[in-house]
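Enquirer: Protein chains in written order, with the UniProt record's numbering: chain A, 1 to 448; chain B, 1 to 448.
By construction, these hints were calculated from the structure, which means they are not laboratory data.
Computed from a predicted model, the values in this text were never measured in an experiment.
Warning: the hint list may mix true and false statements.
Which copy is meant is left open, so a pair is good if it fits within one copy or across any two.
[To be verified] In the EDC-like style, the derived pairs of lysine to aspartate or glutamate whose C-alpha atoms are separated by at most 16 angstroms in a straight line are:
(1) K446 - E319
(2) K361 - E269
(3) K151 - D175
(4) K276 - D84
2 protein chains.
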Amino acid sequence: MKIAVIGAVAAGTSAAAKARRTNKDAEIVIFEKGRDISYAGCGLPYYISGVTPSRYNVVMNTAQDFEEKYKVDVRLEHEVTEIDSDEKILYYQNLVNGKEGGYEFDKLIIATGAAPIKPPFEGIDLENIFTLRSVESADQIKDAVKRDDVKRAVIIGAGLIGLEMAESFSELGMDVTVIELEDQVLPPFSKEMAGLVEDHLKEKGVELILGDGVDHFEGEGKVAKVVTGSGREIEADLALLSIGVKANSKLAEAAGIEVGDTGAIKVNEKLETNIKGIYAVGDCAESKDLLTNKDVWVPLGSTANKQGRTAGENAAGGEAKHYGILKTGITKVFDLTVAKTGLDLEEAEAEGINAAAVKVKAHNHASYYPGTDDIHLRGIFDRKNGVIVGAEVIGGDGSDKRIDVLAAAIYNRMTANELFQVDLAYAPPFSGPKDAVAILGMVAEKKL
Amino acid sequence: MKIAVIGAVAAGTSAAAKARRTNKDAEIVIFEKGRDISYAGCGLPYYISGVTPSRYNVVMNTAQDFEEKYKVDVRLEHEVTEIDSDEKILYYQNLVNGKEGGYEFDKLIIATGAAPIKPPFEGIDLENIFTLRSVESADQIKDAVKRDDVKRAVIIGAGLIGLEMAESFSELGMDVTVIELEDQVLPPFSKEMAGLVEDHLKEKGVELILGDGVDHFEGEGKVAKVVTGSGREIEADLALLSIGVKANSKLAEAAGIEVGDTGAIKVNEKLETNIKGIYAVGDCAESKDLLTNKDVWVPLGSTANKQGRTAGENAAGGEAKHYGILKTGITKVFDLTVAKTGLDLEEAEAEGINAAAVKVKAHNHASYYPGTDDIHLRGIFDRKNGVIVGAEVIGGDGSDKRIDVLAAAIYNRMTANELFQVDLAYAPPFSGPKDAVAILGMVAEKKL
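Let's have the full structure, built from the sequences with the hints guiding it.
Expert: Set out below in structure tokens:
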């Protein structure tokens with residue numbers, strides 16, 4: 001049995017590792033275009049700020065370590081150029097010496113990831129305009145910051161990565177401006193909750209320009225200015241584009257593998273594509289929304305790991321499923337934890353749910369124990385039966401706990417009353433006698 | 001409508017407050033034997049150590065505040081001496097002036113709490129031998145520590161409160177010895193998990209004497225020595241008995257109210273006793289084990305609050321239920337979080353479950369983000385269907401999150417596979433791409 005994996009970041013390496021654990025004898029080969037494997041993409045903002053001190057920390061495995069540990073052949077700087085899905089051969093080019101070759105496989109796992117969107121703005125090719133995706137791109141940013149003594153950074157896009165980088169650049173002592181086309185930060189969040197994040201960013205000295213986008217960049221050789229659609233000019237020593245990513249699905253599409261409306265590869269619960277024996281996982285693949293049963297594309301490291309594991313087991317002869325996702329996401333924005341799971345109000349209504357949004361403010365733990373902080377919770381409930389279908393949590397320490405409990409609640413179709421009933425752990429350092437989740441349930445029950 | 005409440009700590013005040021919110025017009029009277037209301041019993045170890053600086057912090061409401069806020073008549077230092085459940089009258093004594101009186105009620109909520117067990121050891125009445133229950137008892141301990149320059153504290157009983165006080169006394173600079181009759185600390189925990197706590201206590205300089213109990217106390221006026229059953233003599237300037245509590249159910253029992261085998265008052269889902277219109281809540285009342293459907297007695301602040309609220313609503317004319325508990329408990333022991341929910345292996349087996357214990361060690365969050373710590377998880381699974389029925393979590397920051405997610409999982413009868421499926425939030429400061437809970441699920445699935 002020969003298993004080929006294209007891509008060696010989270011999903012690809014998870015897949016290869018699990019395939020090996022499932023099948024001791026299979027030949028497993030990973031083809032990776034870049035020079036690093038198994039790096040922690042989510043850790044790059046912390047690598048750039050220095051919170052995570054060394055490159056070694058975010059590159060979890062070297063190819064050699066991985067090869068030894070899992071008896072997998074890792075071919076770095078090998079770009080797969082074509083998949084022949086009928087003949088089950090992939091063709092690649094060695095980027096170092098230009099040589100081409102082919103590899104016959106029995107099973108193939110596509111983990112080609114996603115790439116940052118980089119629109120053809122005027123001036124986009126000026127120096128010090130970056131996107132952040134690979135460790136190499138992080139290294140380039142770190143080099144530029146050091147080399148050019150960057151004082152003013154402009155971040156385009158106020159999504160998760162944009163805001164993580166606002167913190168990262170601030171920690172490096174830069175003046176940071178964030179530009180967002182929508183009229184709020186974190187567009188997937190409700191306006192009322194996003195407002196809390198906006199206030200926090202301003203407190204931390206980040207300048208926000210909302211409802212405005214990039215028109216073009218100016219500078220001589222290096223970027224010096226970002227000019228917005230409304231004509232505003234912002235001086236910049238460095239600009240970071242973080243306006244989203246698109247799935248790397250072209251290679252698969254050219255091989256007759258079905259791509260969904262999301263632009264990512266369609267898969268079933270086994271992570272198999274429309275072609276038997278060919279799987280797709282991670283940021284290039286769709287997933288199922290557990291609440292709407294629709295195919296969705298929410299590229300996140302947690303999903304990539306699970307999909308990789310599942311496909312690796314299946315490719316190696318096992319039987320595993322990944323049911324889908326709640327689109328749970330979390331980030332740290334300076335001192336705030338910002339998290340979301342399930343449906344928002346608009347999504348719920350689009351599903352025909354008579355939905356109500358309920359917002360409460362609670363404490364992370366007993367007020368008399370040091371380190372008390374506010375936690376804001378917003379739940380989306382189905383008025384018909386009181387079931388919670390979505391939540392946002394923004395606040396201090398302990399917010400991550402509440403989003404995870406709510407994710408479990410949503411997964412299990414719990415009602416507002418059950419949020420009160422479930423017996424969560426109480427001691428003063430950890431919660432109040434009525435946990436924030438119970439309080440959300442109580443208030444929701446009353447309101448519904 | 002006249003509602004009487006006996007007891008003004010967590011359950012009694014919750015009941016009175018909710019009764020008022022449910023019924024604007026009812027006359028509500030609370031009879032409280034002591035001088036404080038609504039104090040945070042769980043906060044007393046932190047009040048003693050000074051982590052919680054002032055008495056004001058743990059006494060959440062003064063009687064006057066509470067009276068004004070809820071239009072409730074709070075009668076402090078009024079001990080209820082008899083309940084006439086036929087005539088619906090309670091008799092009380094004013095402890096200040098000795099006067100007696102009666103109060104006719106339509107509905108009665110009994111929240112008489114629990115009292116520390118204090119066996120008739122020889123020397124038990126020596127000075128500086130304490131139990132910890134009320135703010136007054138905490139004040140007495142604080143006074144003794146200050147007055148007598150206490151250097152050596154002996155704690156009898158290694159349950160939750162005993163270990164919290166070991167930390168508290170250590171923070172005050174004392175040498176602390178803990179004596180426990182069982183051969184492990186935290187007897188409800190499995191031996192392997194309790195061992196982690198024992199190691200941690202020793203690291204922190206606490207001396208542990210396991211499998212040994214108090215025989216008698218020695219001293220002249222004040223305690224000077226604790227002598228154990230095995231004949232060991234431990235010098236002590238102060239001794240704290242924390243070997244458990246018993247429900248204060250005598251008053252109810254004398255009124256014909258049914259008391260269970262646990263020694264606490266039997267109640268239904270509405271928190272009503274066998275006598276219509278008379279409710280019992282908090283540490284004097286039983287609860288239902290959600291997993292075994294048996295009546296259990298696990299006196300905890302979280303349950304007291306929920307029961308109080310539920311009974312308050314019902315007494316005032318509403319319709320509320322408290323389904324029961326998972327016996328979820330948590331405590332902080334120095335730098336360790338120690339938590340348990342659901343059934344342990346022995347309890348599961350006693351229920352006829354073919355149970356398996358699965359232990360994993362995981363990280364609280366990404367290894368490259370500062371503050372990484374170990375979390376040990378032990379799940380009890382039903383081999384028949386893979387359902388998780390119990391869990392223990394011991395470790396660093398983030399352990400509280402995992403016990404709460406597992407409590408939600410147990411509440412919802414989730415399987416090991418579902419612990420992997422549920423879409424928990426991932427970002428480097430909060431978890432790994434595969435959360436500790438998912439790892440427990442994966443390992444359990446493989447083992448079962």
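Enquirer: Each hint: holds or not?
Expert: To see whether the hints hold, each was checked on the structure:
1. Taking the shortest Cα distances, K446 and E319 sit within 16 angstroms of each other only across copies (12 angstroms), while inside one copy they are farther apart (45 angstroms).
2. In this assembly of identical chains, K361 and E269 lie within 16 angstroms of each other by CA distance neither inside one copy nor across copies; the values are 38 angstroms within and 29 angstroms between.
3. Taking the closest pair of Cα atoms, K151 and D175 come within 16 angstroms of each other only inside a single copy of the chain (6 angstroms); across copies the shortest separation is 53 angstroms, beyond that limit.
4. Taking the closest pair of Cα atoms, K276 and D84 come within 16 angstroms of each other only inside a single copy of the chain (13 angstroms); across copies the shortest separation is 77 angstroms, beyond that limit.
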